[in-house]
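Participant: What follows is each chain in one-letter form.
Protein chains: 2
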Amino acid sequence: MAPVRHVASPGLEEGYRFLNEAVARRDLVVAVARCSVEYEGRGASRLGEGDRLLIVKPDGAVLVHRPTGYSPVNWQPDSHVITVEAHNGFIVLRSVRKRPREVLVVRISRLYFAVAIHGLVDEAEFIEYLDEGEIADYLARHPEVIEEGLRVVRRERPLESGYADIVAVDREGRYVVIEVKRVTAGMEAVKQLHRYVEGLRKNNPGAKVRGILAAPAATKEALSLLSSLGLEYRRIDVAKLHREAKREKPRSRVASLLDFIKRS
Amino acid sequence: MAPVRHVASPGLEEGYRFLNEAVARRDLVVAVARCSVEYEGRGASRLGEGDRLLIVKPDGAVLVHRPTGYSPVNWQPDSHVITVEAHNGFIVLRSVRKRPREVLVVRISRLYFAVAIHGLVDEAEFIEYLDEGEIADYLARHPEVIEEGLRVVRRERPLESGYADIVAVDREGRYVVIEVKRVTAGMEAVKQLHRYVEGLRKNNPGAKVRGILAAPAATKEALSLLSSLGLEYRRIDVAKLHREAKREKPRSRVASLLDFIKRS
DNA sequence: CTTTGAATCTCGTAT
DNA sequence: ATACGAGGTTCAAAG
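Residue numbers (the numbering used here), protein chains in the order written: chain A, 8 to 271; chain B, 8 to 271.
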């Protein structure tokens, strides 16, 4: 069981003591507070007073969230030193990161609520499907999905210009560089493929090298650049490949999320 | 004042009611709970049981944080529908996003603590400085910092291969492509500059085109590649440019963070 | 240590 | 709406 402490609308001294002890104890600390924030390091920022959600994790990660959106407005991925002090009616939380040198300072003018939990345990495995690696693995095992007669030479081949997802040889002995994308491919994907193709050409002078972009879709600008560079596009059905891959080597024998939703 | 409600180690029914009402009320909801998580949408993932921090924001953003690190393990940037239900001893929070279609399901087996705050107000302006755009703007206004006699032709010039930060002409009529970096430049910055220079050469056959990487520092690998590509490097003092830019158009008249730290 | 590329990237902005 | 690039990107893998 995880011991939980909390404090509601405390005065300066009580709030300071609570946060200070919780941080020192390496609890997971969550606070809702009116505060201002300053940051200086790789960049620099200032945020005036407002109501925010503050999170200090046991590993020293610090997050400052505004009441909307996914992204924290300020943060520290991990900090070397976190201190809490009371000054002039403010509770000041300061978090310093060593490398790179970064400082985050939260000045709390009013602490609405704070919770501290000690000894949380989370050792579960996080399993991701439908990522680019899974799709590229499957395509490397089944290159015929891209084109009949392809023979895969390498997966994740290191080139001077980066890593090609798949390098194969086609029926006519030409190299085929395949760049796999899980989502709509934009200019960046085409440039990446182009770099890899050029890199392979440079390393194998005289060899014929084709480049194929395998993606569920591509922006029209990307398609235009692709064809002007003499590269090719193959549409792939990501969901279908995912189903095939799952059938081939099932990773977990549990009902699908959609089934789960239907049941519950 | 923001009304705050909380519940500690509630039973299934009490915990369910608390979360359900808080979500319906569009409170900021924070819960510490033992739970498992499933996600399906653009990607797909499964996370077994463990202690997590759950956040539901008034705008429908949902975050699931493990006890370490900056990134949420699962999330929903904004959801159309969030529901809370009680089933077979679990509290089930389900968040559905419309576009793209994505579903996030959190199955809570044990609720350690939950807080709900209503009516948070955060209207402060977030001021960032020292970003790449500001530095490039300043250099575009003051190209003499890079080299005497430069005449800026364009800022953010669209090229076939991307956007060059600055394109200028030097005293001898040669084009100068300038790539600005706010932090230590790595290989990617050099490759980017190289692509832009090649792009400009292609569009202006016969024209002489130089390429300058303007950054506070560069890795030695980057410098090596740079010189082998016939490109140039100019060290810039970001902090100094920031001071100059601020003097030119002051955004805020507050003491520096370092001063603040010294004082407190 | 650096490099490299993915990401449910998110977010802003221009078209 | 879509596309594109920046980000204090973070993160993990690989050299």
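Some clues are possibly wrong.
[As the list claims (entries may be wrong)] Pairs of lysine to aspartate or glutamate, EDC-like flavour, derived with a Cα cap of 16 Å: (1) B:198 <-> A:195; (2) B:247 <-> B:138; (3) B:198 <-> A:47; (4) A:198 <-> B:205; (5) A:247 <-> A:141; (6) B:215 <-> B:179; (7) B:247 <-> A:228; (8) A:253 <-> B:179.
Think of the hints as simulated: they come from the structure by calculation, not from any bench. No experiment lies behind these values; they were computed from the predicted model shown.
Participant: So, for every hint listed, does it hold in this structure?
Facilitator: Tested hints:
Using a Cα cut-off of 16 Å, the hinted pair residue 198 of chain B and residue 195 of chain A holds, with the two alpha carbons roughly 13 Å apart. About 13 Å separates the Cα atoms of residue 247 of chain B and residue 138 of chain B, which keeps this hinted pair within 16 Å; it holds. Note on residue 198 of chain B and residue 47 of chain A: the hinted pairing is violated, with a Cα-Cα distance of about 29 Å set against a maximum of 16 Å. Pair hint residue 198 of chain A plus residue 205 of chain B holds up; C-alpha atoms about 13 Å apart against a cutoff of 16 Å.
For the hint linking residue 247 of chain A to residue 141 of chain A, the alpha-carbon distance of about 12 Å falls within 16 Å, and the restraint holds. Under the criterion of a C-alpha separation no larger than 16 Å, the hint pairing residue 215 of chain B with residue 179 of chain B is consistent with the structure, at around 10 Å. At most 16 Å may separate the alpha-carbon atoms for a hinted pair to count; residue 247 of chain B and residue 228 of chain A exceed this at roughly 39 Å. Distance restraint check for residue 253 of chain A and residue 179 of chain B: the Cα-Cα separation of roughly 62 Å exceeds the 16 Å cut-off, and the hinted pair is therefore not satisfied.
Violation of the numbered hints given earlier is confined to hints 3, 7 and 8; the remaining hints are satisfied by the structure.
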